[in-house]
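Q: Residue-level listing of the chains:
Protein chains: 2
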Amino acid sequence: MAINETSPGAQAPGTSNASGYGTVDGELLDVLSQIVGADNLSTGDAVREQHGRDESYHPSVPPDAVVFCTSTDQVSAVVRACADRAVPVVPFGTGTSLEGHVAALAGGVCVDVSRMDKIIQVNAEDMDVTVQAGVRRKALNEYLRDTGLFFPIDPGADASIGGMTATRASGTNAVRYGTMRENVLSLTVVMADGRVIRTARRARKSSAGYDLTRLFVGSEGTLGVITEVTVKLYGIPEAILSAVCPFPDLESAVNTTILTIQSGIPVARIELLDEAQLDAVNKYSGLDCALTPTLFFEFHGSDAGVHEQVENVKAIAQEFGADDFQWATKPEDRNKLWQARHDAYYAAIALRPGCRGIATDVCVPISRLAECILETRKDIDASGLCAPIVGHVGDGNFHVIFVVDPDDAEELKKAEEVNERMVLRAIAMEGTCTGEHGIGYGKMDFLTAEHGDAIAAMRAVKLALDPQNTMNPGKVIRV
Amino acid sequence: MAINETSPGAQAPGTSNASGYGTVDGELLDVLSQIVGADNLSTGDAVREQHGRDESYHPSVPPDAVVFCTSTDQVSAVVRACADRAVPVVPFGTGTSLEGHVAALAGGVCVDVSRMDKIIQVNAEDMDVTVQAGVRRKALNEYLRDTGLFFPIDPGADASIGGMTATRASGTNAVRYGTMRENVLSLTVVMADGRVIRTARRARKSSAGYDLTRLFVGSEGTLGVITEVTVKLYGIPEAILSAVCPFPDLESAVNTTILTIQSGIPVARIELLDEAQLDAVNKYSGLDCALTPTLFFEFHGSDAGVHEQVENVKAIAQEFGADDFQWATKPEDRNKLWQARHDAYYAAIALRPGCRGIATDVCVPISRLAECILETRKDIDASGLCAPIVGHVGDGNFHVIFVVDPDDAEELKKAEEVNERMVLRAIAMEGTCTGEHGIGYGKMDFLTAEHGDAIAAMRAVKLALDPQNTMNPGKVIRV
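One line per chain: the protein sequences are Y and U, in this order. If you want the numbering used here, it's the position in the first sequence, counting the first as 1, plus 366. If you want the numbering used here, it's the position in the second sequence, counting the first as 1, plus 366.
Just so you know, the hints here were simulated from the structure itself, not pulled from any lab data. As the structure is a computational prediction, the values presented were derived from the model and not from experiment. Treat the hints with caution; some may be incorrect.
For identical chains, the list gives no copy identity; a pair is met inside one copy or between any two copies.
Pairs of lysine to aspartate or glutamate, EDC-like flavour, derived with a Cα cap of 16 angstroms [as the list claims (entries may be wrong)]:
{"id": "1", "residue 1": "Lys-649", "residue 2": "Glu-508"}
{"id": "2", "residue 1": "Lys-598", "residue 2": "Glu-796"}
{"id": "3", "residue 1": "Lys-598", "residue 2": "Glu-548"}
{"id": "4", "residue 1": "Lys-649", "residue 2": "Glu-674"}
{"id": "5", "residue 1": "Lys-598", "residue 2": "Glu-777"}
{"id": "6", "residue 1": "Lys-504", "residue 2": "Asp-483"}
Please work from the sequences and hints to get the whole structure.
A: The structure is reproduced here in structure tokens:
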């Protein structure tokens, strides 16, 4: 049995630690081992350390044990065993979240679903697919290639569909295809007591009862463990055109975006990279873009439809002084361009070797986007920090990646202050403290600033579905 | 004071009736009168009778009193007064629901929001608008006309935006623009204890906490009273084309729909009327369509885009033996066509003077639509009932309107049986027991059949947000 007997918190069965939670003791480890098999249970330091952190600056807070499940039944049995002992459960997909979502703040058992990587059923005629939660977005699209269908949601990382659901992820295509909120049809969820529910059926719409699907989308593992996901698919467009267009300044790039959206042009992607981000991407991904604020575009549709969109967007860009559209016509050039965009976070971090990234995002109504970005850029410049801006601007959503020296307390403090000002600025503009990264434990105070009394309703829902507060405790909502 | 002293349930203050609820006594009526003014409180029989029924066959179950509120503050004070006395609260918009949603099954106070008819703020640049819950969809679109924007969701009735939110309504445009689920950005809600929350801000996307907005969309007044709604708007398309196309049989019409959707053609409307429904519509709305299964289409887009869509749909229809597209090119012809479609329910009822309509709807994955409709048509025909089929077939959603003699017990029983078979058929096909009408108290058993163990999660949420079960009790979920 792969149990490290020196595991922290190993106590006599039935005892509980100071926080009121049960402990992961030898008795529970035996039970877990029987459920998943000894090879799929680990209490080794390296495995626990790796499961206590995501891709963010948040330090690793390791769970007491990690179980690797392969089925909903296994997850159910594990959660039930933990519930019976009031032991926390932290779900883990690929660990690519950005606000400490997987940190085991109260210890407990990490349920790793990465081996739940089966595509359960493609319903090509209904344009949907049901997958296990650990299937990654790229693997899904590779699997789908021969069907003529694709799944558009694409956060930077090659995340798991379960994790993307839990974080209400979006990405570059959201401006046209929506986020996980709009694209999940149904979920299989293991509830806090181990019971398994399916939140909906496969119909495209329904008025049958409370929208449990949307309740679990974005719940970050705090209401249950998502084990299977049914998502919408789309036909691969007849024509796809991508382009890069440099702008004289940040304002003109953002204003082009705003007018494009307000004109109802169904762009598939419209991404902003500021000078600092472009410099990072040029170096990291071998692009040779001019160092000026730039929009990356993609257009999907019929041949005629795409050309109509292009003409309309070109006309808008020209109004704002930009007319140098550089087209990526070959699929490999297009892939290189978008891989570079997806690697923006890694590219930013690479700007300062030895430094870490603090990635943050906000989202505002599109009419406030220019103001919000320009004020933020000014604030960053005044702080002297290295912090590129990159964004899904068509949604009013943008990111700042603070590239900081983790040993420089002053730099960290400055980044924290600029971040706080940016988030409060976005909220004041009727925006949100996070467009797609989620709350984790990094943005809990901002959640309160944004939602006010509605927090009480969220807390009531949390306690109703997880009365012992064992599901990913310490995230999203304080209980 | 407009209090009818013979009001049912008038008892001494503080007493409660057999169900455990407090009663609407003179003391509470005094309090309510102080909140809304004597002119805005009624206990008259006619007003109560009218507020206890919707447009369905469900009999009127009158509330003990009706208050007409004009602000969120008033609703909050009314709900608080009722909560303090454990008195049920039933929200009322226009009373156009179809499953008994407004019946005061446990008595109590009906909160009529129809006088909350202010358009609070149009944000044209962000393409959204915030309205009071009582604003009706047609009034909203008239108000918006000069902005070049419109609100697409259109259930048959001229319903209130609050009611449409509460029922998760959709309509003919949902195939392109989505339902209330996709189009509500934020809500102001009076909770069961009278507290007021706003569920979200105006950003188009957010990962900030649980999706309270979607939780209240479709909650049918059982979790709180919706008092303000922010919805997305869309640019009025450059080109709009409508057409009617008769088909040789039901199967070919449905298969044309399926292939259109599977081809990804962004039709704005694709509506099926079977022979019986077409006969009703011809008579009621003065159309002269051939008596054969027919699709009503609408196409939105640029001139070129619309023509491309039309060519593609025509080619598909021809494959299924239909090529007689009759175009409504003038706006007045288009309006007549769609008003006729919206009046389908009234037209069906008019087929048999003195009879009532039992309107029901289901929604299935599009691949199962032909099978589901054809089996249902066969079942209706075998029953000998008068029951037209009409549907938002692009979504996999269709309606049956049983036109029945309310005094003929056998006919009612037959309709109930056909309805039950249809709903169970839809659920067996991975569909839902209602695509857009909601549960009310007419479909509670079907909700259980559809959701299984997930009902327990819904019930937990209900009790967390409404621990006294005073919000529209007896609807959606049994407590």
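Q: Could you run down the list of hints and mark each one as holding or not?
A: Evaluated hints:
1. Lys-649 / Glu-508: Neither: 28 angstroms inside a chain and 54 angstroms across chains, both beyond 16 angstroms.
2. Lys-598 / Glu-796: This pair counts as between: shortest inter-copy Cα distance 15 angstroms, intra-copy 30 angstroms.
3. Lys-598 / Glu-548: Intra 9 angstroms, inter 14 angstroms, cutoff 16 angstroms: intra and inter.
4. Lys-649 / Glu-674: Answer is neither: 34 angstroms inside a copy and 43 angstroms across each miss the 16 angstroms cutoff.
5. Lys-598 / Glu-777: neither (43 angstroms within a copy, 41 angstroms between copies)
6. Lys-504 / Asp-483: This pair counts as within: shortest intra-copy Cα distance 12 angstroms, inter-copy 48 angstroms.
Consistency note: the structure conflicts with the earlier hints numbered 1, 4, 5.
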